[in-house]
Amino acid sequence: MSHLALNRVSKKFGARKILDDISFEMKRGETLVVFGPSGVGKTTLLRAISGIMDPDEGDVLLNGRSVMDKGPETRGVAMAFQNFALYPHMTATENIASPLRSRGVSESEIQSKVKEVAKLLRIDHVLSHLPRQLSNGQKQRTSLARSLVHNPEVLLLDDPLRNVDAKVRYEMRLELPRLFKRFQTTVIYVTQDYKEAMALGDRCGVLLDGRFQQLDTPAQVYRHPKDTRVANLFGDPPINLVPTRPSKMPDGSLHTNLAGHEMAMPDARHEWAGRDCLIGLRPEHIALHATPQPGAMQVELEAVTPFSVRNVMLLRAPDGTEILASTPEDHPLHNARGQQRVWASIDMKRALVFDRQTGASLLAA
Amino acid sequence: MASLTLEHVCKRYDSSKKNQDEALAVNDVSLDIQDGEIIGLLGSSGCGKTSTLRMIAGFESVTSGSIRIGTKQINLLKPAERNVAMAFEGYALYPPLTVSQNIAFSLLRSHASKEKAQARVKEIADLLEINDLLELYPPLLSGGQQQRVSLARALARDADVYLLDEPMSQLEPLLRAKLRARIKEHLIARKMTSVFVTHDQTEAVALADRIAVMSDGVLQQFGSPDDLKERPANLFVASFIGEPPMNLFRASLRIDSGRNLLDVTSDKGQALFQIALPAQARWSGMAAGQKFHLGLRPHRVRVGEGAAATSMTAGLTAKVVSNHWLGDQTHLGLEIGDAFVVVVTDGELSHAQDQVTLGVPIESLHLFDAATTQAVFHGPDMPRAEQPRHRVAA
Numbered sequence: 001m002s003h004l005a006l007n008r009v010s011k012k013f014g015a016r017k018i019l020d021d022i023s024f025e026m027k028r029g030e031t032l033v034v035f036g037p038s039g040v041g042k043t044t045l046l047r048a049i050s051g052i053m054d055p056d057e058g059d060v061l062l063n064g065r066s067v068m069d070k071g072p073e074t075r076g077v078a079m080a081f082q083n084f085a086l087y088p089h090m091t092a093t094e095n096i097a098s099p100l101r102s103r104g105v106s107e108s109e110i111q112s113k114v115k116e117v118a119k120l121l122r123i124d125h126v127l128s129h130l131p132r133q134l135s136n137g138q139k140q141r142t143s144l145a146r147s148l149v150h151n152p153e154v155l156l157l158d159d160p161l162r163n164v165d166a167k168v169r170y171e172m173r174l175e176l177p178r179l180f181k182r183f184q185t186t187v188i189y190v191t192q193d194y195k196e197a198m199a200l201g202d203r204c205g206v207l208l209d210g211r212f213q214q215l216d217t218p219a220q221v222y223r224h225p226k227d228t229r230v231a232n233l234f235g236d237p238p239i240n241l242v243p244t245r246p247s248k249m250p251d252g253s254l255h256t257n258l259a260g261h262e263m264a265m266p267d268a269r270h271e272w273a274g275r276d277c278l279i280g281l282r283p284e285h286i287a288l289h290a291t292p293q294p295g296a297m298q299v300e301l302e303a304v305t306p307f308s309v310r311n312v313m314l315l316r317a318p319d320g321t322e323i324l325a326s327t328p329e330d331h332p333l334h335n336a337r338g339q340q341r342v343w344a345s346i347d348m349k350r351a352l353v354f355d356r357q358t359g360a361s362l363l364a365a
Numbered sequence: 001m002a003s004l005t006l007e008h009v010c011k012r013y014d015s016s017k018k019n020q021d022e023a024l025a026v027n028d029v030s031l032d033i034q035d036g037e038i039i040g041l042l043g044s045s046g047c048g049k050t051s052t053l054r055m056i057a058g059f060e061s062v063t064s065g066s067i068r069i070g071t072k073q074i075n076l077l078k079p080a081e082r083n084v085a086m087a088f089e090g091y092a093l094y095p096p097l098t099v100s101q102n103i104a105f106s107l108l109r110s111h112a113s114k115e116k117a118q119a120r121v122k123e124i125a126d127l128l129e130i131n132d133l134l135e136l137y138p139p140l141l142s143g144g145q146q147q148r149v150s151l152a153r154a155l156a157r158d159a160d161v162y163l164l165d166e167p168m169s170q171l172e173p174l175l176r177a178k179l180r181a182r183i184k185e186h187l188i189a190r191k192m193t194s195v196f197v198t199h200d201q202t203e204a205v206a207l208a209d210r211i212a213v214m215s216d217g218v219l220q221q222f223g224s225p226d227d228l229k230e231r232p233a234n235l236f237v238a239s240f241i242g243e244p245p246m247n248l249f250r251a252s253l254r255i256d257s258g259r260n261l262l263d264v265t266s267d268k269g270q271a272l273f274q275i276a277l278p279a280q281a282r283w284s285g286m287a288a289g290q291k292f293h294l295g296l297r298p299h300r301v302r303v304g305e306g307a308a309a310t311s312m313t314a315g316l317t318a319k320v321v322s323n324h325w326l327g328d329q330t331h332l333g334l335e336i337g338d339a340f341v342v343v344v345t346d347g348e349l350s351h352a353q354d355q356v357t358l359g360v361p362i363e364s365l366h367l368f369d370a371a372t373t374q375a376v377f378h379g380p381d382m383p384r385a386e387q388p389r390h391r392v393a394a
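If you're matching them up, the sequences are chains A and B in order.
As numbered in this note's numbering, residues 1 to 365 make up the first sequence, in order.
As numbered in this note's numbering, residues 1 to 394 make up the second sequence, in order.
In case anyone wonders, no lab produced these hints; they're calculated from the structure.
Backbone N, C-alpha and C fix where the C-beta goes; we use that ideal spot for every residue, glycine too.
Take every hint as true, because none was put in to throw you off.
Cross-link-like lysine-lysine pairs, in silico, DSSO-like; alpha carbons within 27 Å at most:
1. A:113 to B:319
2. B:268 to A:113
3. A:181 to B:268
4. A:195 to B:319
5. A:167 to B:268
6. A:115 to B:319
Cβ pair distances, simulated, as ranges:
7. B:355 to A:73: 40 to 46 Å
8. A:341 to B:287: 49 to 55 Å
9. A:37 to B:216: 36 to 42 Å
10. B:280 to A:356: 54 to 60 Å
11. A:163 to B:370: 31 to 37 Å
12. B:78 to A:319: 44 to 50 Å
Using the sequences and the hints, build the whole thing.
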């Protein structure tokens with residue numbers, strides 16, 4: 001039986017459908033990341049689950065039973081927000097203890113539980129501080145501690161790392177999975193950062209126009225995006241989408257002119273012949289060479305911009321199309337300065353194919 | 001286009017302060033910038049990077065020291081007399097002029113022909129993808145669009161030096177990688193000497209030929225992105241640069257029957273592991289008992305199959321706390337004793353593994369003096385073991 005389930009949940013604000021017939025099920029202890037740009041309904045979805053807001057239609061079930069008749073405080077659902085929402089006049093200890101106090105837990109148990117969760121979140125040294133004495137990172141850790149301290153059945157996190165600096169965000173991203181596992185809580189995590197979506201989710205739901213455009217494991221979403229909108233949201237540098245029209249060769253195989261370079265399309269389907277497509281090439285699937293290679297496209301290397309542990313290379317293809325490639329840090333061309341001619345090997349077996357009109361993937365069964 | 005030289009430049013905003021050292025916003029900064037070089041001034045807020053840029057522009061006076069463009073001292077000239085082009089935050093676009101007129105304004109004022117100005121506007125608009133905005137007025141633009149127009153206005157000018165303040169902080173994510181690369185290509189192809197300020201090392205590393213890392217008004221290091229990563233001058237730079245930055249430990253040198261060993265402990269003092277240095281690894285002042293901050297670069301530490309082959313440790317394992325595949329790289333959060341260690345690989349590691357073998361090759365190792373925090377040894381300066389870079393099975 002699923003732990004948490006949504007069944008055909010919809011919500012309108014005026015004429016605008018914010019949530020459009022959303023259904024999904026989660027196992028106990030699972031983490032689902034809800035990912036999408038701002039304004040797509042991510043926060044509204046959390047509010048419907050928590051009970052802060054009632055959907056117009058549909059049902060929220062916990063352990064198989066509807067919780068629609070229960071208020072937010074009795075659903076067993078905890079929430080942490082991007083703006084921390086701490087009580088300004090209370091110390092970190094009192095903030096963390098507040099959900100326990102409202103449940104009438106004994107003083108000694110409160111003290112030991114607060115200490116335990118504070119240690120896990122590495123804020124045990126600032127427990128006596130007021131929120132204004134805490135850094136943003138410590139505030140968010142305090143807010144997380146408060147939402148975890150009473151072992152909620154379901155934890156809803158609304159973009160919790162949005163307002164902390166890059167360094168804290170990185171550290172927390174590595175720490176959170178252990179925390180979730182430790183509390184065995186079912187987590188829904190809302191974010192606009194694709195790295196958090198890939199790193200934290202057992203599954204990732206890409207929310208667009210009030211619907212899950214794709215709900216799958218992060219690896220599946222990255223490797224087999226359902227359409228160009230989803231493909232564009234994952235990866236930095238982003239995927240290359242090159243317009244093309246495959247054509248059938250006399251021997252029956254499919255070829256295409258990709259940005260001015262004739263290429264065979266292995267694994268191509270006959271119905272793609274003559275169709276306006278977009279070829280999706282992930283930058284890391286393009287290999288660059290300083291010398292000619294069989295089958296490689298001759299391109300101009302326009303600029304090298306090192307990026308984290310890789311290098312982003314801007315290429316100009318024979319027909320003028322710009323293509324981004326990403327190479328490992330120690331690549332022989334990583335110190336190239338100024339334009340030069342190089343050769344790009346494109347792994348067509350890993351290329352994605354989309355319909356140019358609808359953007360839908362043509363690789364799906 | 002010209003070279004730009006800063007010599008012993010200081011800035012003090014409040015000359016009444018008794019403790020004179022404390023009041024220095026910029027403290028004895030010297031930079032020798034070549035003609036056509038792209039320079040990033042990088043640091044957190046309050047480090048002095050923006051004050052430095054404003055002194056070059058002429059918006060701030062220089063308390064002491066001198067600034068030259070080519071051979072001409074400019075720090076006593078008015079901003080308009082310095083022949084520098086600027087894109088500054090708050091250096092607003094003219095609201096009554098269209099985007100196109102804003103970009104052409106300085107060109108026309110410097111007596112460029114209308115045709116030349118138009119051609120230049122078209123070229124720079126193509127580069128920054130603002131063609132559709134040219135006839136609009138600035139108040140109608142989004143923050144990211146205004147930033148691109150402001151950048152276009154600066155880059156369209158003919159100037160000796162280009163000064164850019166956080167030029168790409170608001171670029172739309174889908175455009176960012178491409179625009180960064182195009183701007184870099186544009187600057188290099190036209191040999192435009194440029195200095196930009198940023199708090200974002202991603203931007204600094206992407207664009208700059210050399211980066212000046214500043215902290216508390218002091219220049220910490222001035223070097224190429226490779227230098228900053230592979231040869232950080234001190235503990236500050238080591239802990240600041242890199243995404244993620246270096247893993248830091250404590251270590252002390254022990255000499256045992258002719259072998260040089262580093263005993264590595266966590267910040268909290270727990271003994272973690274031992275490193276057997278190759279005989280060629282030497283530095284001046286090397287002595288038994290010497291104490292260090294030890295840095296291991298996340299992208300040079302190896303994991304998985306073959307990791308042990310070039311390692312200076314024997315049988316070092318770590319517990320996997322998190323395993324984050326991001327499409328083109330994997331970030332691992334690991335525990336060794338009470339220390340948290342981050343490793344980055346280009347490949348993918350099976351999620352099932354909860355224990356990994358760690359390899360610590362010489363090129364991952366950096367040592368900083370425990371007292372002065374200055375670098376004493378960089379592993380990447382040693383000859384590399386002939387081994388493919390740490391890829392793990394995909």
